[in-house]
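Undergrad: Listed below, chain by chain, are the residues.
Protein chains: 2
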Amino acid sequence: MRPGHRQGAQLLNAPDDHLREETVASETVFAGRLLEVRRDRIRLPDGAEATREFIVHPGAVMVVPMLDDGRLVMERQWRYPLARVMLEFPAGKLERGEPARDCAQRELFEETGYRAAHWARAGVLHNAIAYSNEHIEIWFARGLVAGQRRLDEGEFLDIELVDAGELDRLCAAGAVTDAKTLIGLQWLQNWRAGRWSIDGFTP
Amino acid sequence: MRPGHRQGAQLLNAPDDHLREETVASETVFAGRLLEVRRDRIRLPDGAEATREFIVHPGAVMVVPMLDDGRLVMERQWRYPLARVMLEFPAGKLERGEPARDCAQRELFEETGYRAAHWARAGVLHNAIAYSNEHIEIWFARGLVAGQRRLDEGEFLDIELVDAGELDRLCAAGAVTDAKTLIGLQWLQNWRAGRWSIDGFTP
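Protein sequences appear in the order of chains A and B.
Going by this note's numbering, the first sequence runs without a break in its numbering and finishes at 204.
Going by this note's numbering, the second sequence runs without a break in its numbering and finishes at 204.
Please keep in mind that the hints were generated in silico from the structure rather than gathered at the bench.
As the structure is a computational prediction, the values presented were derived from the model and not from experiment.
By construction, the Cβ of each residue, glycine as well, lies at the ideal position given by its N, Cα and C atoms.
Don't take each hint at face value.
Facing chain A, according to a computed beta carbon distance under 7 Å, are these residues of chain B, among others [as the list claims (entries may be wrong)]: (1) L20; (2) T29; (3) G33; (4) M87; (5) R102; (6) D103; (7) T178; (8) W192; (9) F202.
The list that follows gives simulated cross-link-like pairs (lysine to aspartate or glutamate, DMTMM-like), each with its CA atoms no further than 25 Å apart [stated by the list, open to error]: (10) A:K94 <-> A:E23; (11) B:K94 <-> A:E154; (12) B:K94 <-> A:D47.
Per label pair, the in silico range of CB-to-CB distance [what the hints assert, rightly or not]: (13) B:G9 <-> A:E28: 45 to 51 Å; (14) A:R196 <-> B:F202: 20 to 26 Å; (15) B:A32 <-> A:A176: 46 to 52 Å; (16) B:A32 <-> A:R102: 26 to 32 Å; (17) A:G175 <-> B:R42: 49 to 55 Å; (18) B:L152 <-> A:D69: 17 to 23 Å; (19) B:G9 <-> A:P46: 46 to 52 Å; (20) A:H19 <-> B:H6: 32 to 38 Å; (21) A:A32 <-> B:R42: 15 to 21 Å.
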């Protein structure tokens, strides 16, 4: 097999029938309080059958909240699967039928107490493509006004106001490793440098 | 609650007893071919009990393979949970007891046929901290020599040689959304700019 040298739209819209997997049968094999796991029988491109197991996820939203002084509103939160506190941007799961922007506003307010005058969508990421259909929308928020947050019952987290340069140093040093937060910083830095654009937001 | 204004080491090593969750009981509630799901009863900081469900994952390695001409060795692969082809850096799961570097070399060779003379570890990311303990080590590879790949049975993927500027445009346009791949580009660009350092690798 020779490597391809496609570019741009060709790279994205190249023929994919030789890669495509078709669903033969699908069943829910675990339905918990938080997680739903589906197991599908699939047909591979060569006609053989195989199994795929994955999390069915409603999707989520992350907010990069920028104070007028340039600092970022972030959270320190215990992440049980990793048994440690992580420094992250605010984020939360979409409720059924909820527009992403509404989710962004709701999660930012509930978790931090901040409301924002200006909102813009930067993009989307897929964080576990081998075993989850989760997508995380990336939203930016400006014109922040502090208020009283309303954490869900059983939710505990600290708010930290973090300088972007400080966040960059923590990421470079391997002290911040949350994927969505790294990508939030990536969007912030590329946008501030005028390299990546966010509709409706000028740096 | 007043927001914190900690910096650097203070931000990382701040007291966390008021955030910590303790394990009360743990059970495996799903053990499939690919996924293992655990459900734990936990004690919250206020003494109440709650449930946590998460994927137990062995960890993975991603490789950012740089050809001498500056292009990157990437893959187009069908990702069943998303029902589409994704453009991504080579990656794979750690086998039991396997050092990350060995895994990086093995996955790069098996999936692309390339061997690399020089390897360096950039960092690590955690991609689904709400419901998985997965970590992905980020490795850079240089001095690449092409060979014959050895895909696992049932594995189908295309190799693409992609210019870094082209990858940047695809990420900025929202056409590349795989989290590990976005972070691979972030490391690459910050390293090339002399901003983030990778032990043993000079830009």
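Undergrad: Hint by hint, say whether it matches the structure.
TA: Evaluation of the provided hints:
Annotation: L20 of chain B was flagged as interfacial toward chain A, and the flag holds, the nearest CB pair being 4 Å apart, inside 7 Å. Residue-level restraint check for T29 of chain B is violated (minimum Cβ-Cβ distance to chain A is 11 Å; threshold 7 Å). About 5 Å separates the beta-carbon of G33 of chain B from the nearest beta-carbon of chain A, less than 7 Å, and the hint is met. Restraint check, M87 of chain B versus chain A: the minimum CB separation of about 6 Å is within 7 Å; hint holds.
For R102 of chain B, the shortest C-beta to C-beta distance to chain A is roughly 16 Å, which exceeds 7 Å, and the interface hint is violated. About 20 Å separates the beta-carbon of D103 of chain B from the nearest beta-carbon of chain A, more than 7 Å, and the hint is not met. Annotation: T178 of chain B was flagged as interfacial toward chain A, and the flag holds, the nearest CB pair being 5 Å apart, inside 7 Å. Nearest Cβ of chain A to the Cβ of W192 of chain B: about 9 Å, over the 7 Å cut. The hint is violated.
Hint status for F202 of chain B: violated, given a least beta-carbon distance of 14 Å to chain A, over 7 Å. A hinted pair counts as satisfied when its Cα atoms are at most 25 Å apart, and K94 of chain A with E23 of chain A does not qualify at roughly 28 Å. In summary, the hint linking K94 of chain B to E154 of chain A is not supported, as the alpha carbons are separated by about 36 Å, beyond the 25 Å threshold. For the hint pairing K94 of chain B with D47 of chain A, the CA-to-CA distance comes to about 24 Å; that is within 25 Å, so the pair holds.
The hinted window of 45 to 51 Å between G9 of chain B and E28 of chain A holds, with their beta carbons roughly 49 Å apart. For R196 of chain A and F202 of chain B, the Cβ-Cβ distance of about 23 Å falls inside the hinted range of 20 to 26 Å, so the restraint holds. The hint said 46 to 52 Å for the Cβ distance between A32 of chain B and A176 of chain A, and at roughly 34 Å that hint is violated. Judged by the Cβ atoms, the range 26 to 32 Å given for A32 of chain B and R102 of chain A is violated: they are separated by roughly 39 Å.
A C-beta distance of roughly 32 Å is found between G175 of chain A and R42 of chain B, which places it outside the suggested range of 49 to 55 Å. Distance hint check for L152 of chain B and D69 of chain A: the Cβ-Cβ separation is about 53 Å, which falls outside the suggested range of 17 to 23 Å. One distance hint, 46 to 52 Å for the beta-carbon pair G9 of chain B and P46 of chain A, holds here, with the actual separation near 50 Å. Under the hint 32 to 38 Å, the C-beta atoms of H19 of chain A and H6 of chain B, about 55 Å apart, miss the expected range.
Taking the beta carbon of each, A32 of chain A and R42 of chain B are about 18 Å apart, inside 15 to 21 Å as hinted.
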